[in-house]
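Enquirer: These are the residues of each chain, in order.
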Amino acid sequence: MSNTVTQLLSFTIIFPMILGLIRMHRIRASYQPFLLLLLLALTSEVVSEVSIRLTKSNAITSNIYTLLEAVVILYLFYTWGFLKKRPRLMIFLAIIYCVVWAFENLYMGLLADGFSSYFVMLYSLVTVLLSINEINSLIAAFGGNLFRNAKFLICIGLIIMGVYSVITEGFMLIDPDNSRVSRNIFNLFAFINAFVNIVYAIAVWFIPVRDDYYFSKRFKA
Amino acid sequence: MEDRIYDITALLSSLLAVIIIFFIGSIIRYHRRYVRLQRERITAEIKSLENERKRIATDLHDSLGPLLSTVKLNMTSIEVTDPRDKQIIAKSGKYIDEIITSMRQISYDLLPNTLERRGLIEAITEFTNHIGDNHILEVHVYAVNAITPDPEKDIHIFRVIQEIIHNTLKHAAATKLEIGFSQDEKELLILVHDNGKGFNVEKAKQNSRGLGLKSMEIRMDIMHGSVSIHSVPGEGTRYYLRIPLG
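If you read the sequences in order, they're chains A and B.
Sequential numbering of the first sequence, starting at 1, is according to the numbering used here.
Sequential numbering of the second sequence, starting at 1001, is according to the numbering used here.
Because the hints were derived from the structure by calculation, they are not lab data.
Beta carbons: idealized from backbone N, C-alpha and C, even for Gly.
Wrong hints could be hidden among the right ones.
As the list claims (entries may be wrong) - These stretches of chain B come out as covered by chain A in the derived footprint (C-beta under 8 Å, 3 or more residues):
#, stretch
1, 1024–1035
2, 1089–1101
3, 1181–1193
Unchecked claim - Simulated coverage check for chain A against chain B, where a stretch passes if three residues somewhere in it have a Cβ under 8 Å from a Cβ of chain B:
#, stretch
4, 140–147
5, 207–215
Based on the sequences and whatever the hints tell you, model everything.
Expert: Listed below in structure tokens is the structure:
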């Protein structure tokens, strides 16, 4: 698969981002971190693209992005309530993230010359577990169609990306020389990324409107 | 060889994905069936409770009330000459009046007649006048447009509003309470706003020992609706209630 196709697929993040910008002022505050996550992803794609053209490497961008993404995802689960009720767990996870990231990138010196696979595996696993927990709580509390629920769709997207990240990073560790198997897995990742971006776009469409906005329209308050 | 490893890995991963998806789908399906059954059970319990309340209220209002009035009428028609007897009859008449008043209050508390006869808005307005705390809390009930009566849901909505008014009186230290209704073809919206001291909603839900907030949520759940409470200490409380129609 050509690089152009991979690049085009990775830029599908623009669809949920545009929808997010359109709906930004109407959606509930607890979903704002998700829009920040989309903005971060888009910025990272653009910066990576520029970086590759200028320096032939996007390692720094990618490594910094993974840390920011991990923190924003934690904050997303905080605003959704699970980590708000467990502040100690939130602090513990944030500290663990920072320590592992700093160890891999600064101590082992991978920031400019490699990719922090262990950190990606760690935060992907935590994200998958938090998402599964959120889906379980939704199943019990939400009576409507789950496929029209923004939280469910976002969690499904996070699970798919998390699981696939663990697989790809695992292959990176087993086979760092980029064999055919690893390359195929990376190629498939581009399609999965595009699919998840479409799921995110649908999720943004279904993000509930803020109560005060919704009611003020009907009550003309 | 590498191609073969890749193909087998892809095939096994796909099979695993299918199994996991089926497993999760199955869990969701059965869990939702369980939740639906639970909801049906709670709905049946609350319905039978409301029916019982209605029956007692009707009996008190329609059978005992007229009977006591007849007793009083008969008593006052007795002609006595002894002033002591006259005093006893007058006193008894007063007691019967008190019993009738108390009985009407009990009957009203169980189920206000107005709800069935004149609809939700009138019933809530009457309830706010009935609580007799107008000098403490000024309540304004209004409807943006016409509200279609639905006896099945109106009783639940009435109880939820009753609970909000009680909470406002007990905890909010508010002087004004606005209760607004708006209906379109899809849903009924109710906006309740007070100017009280506000409270921490999360904390109240966690620490609450009473059944108020829980009963409110259960009744909203029965109607497939939702209640959302926004409160900022010092800035009052807003209750956003959404009830789908049909």
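Enquirer: Go through the numbered hints given earlier and state which of them the structure violates, listing their numbers in rising order.
Expert: 2
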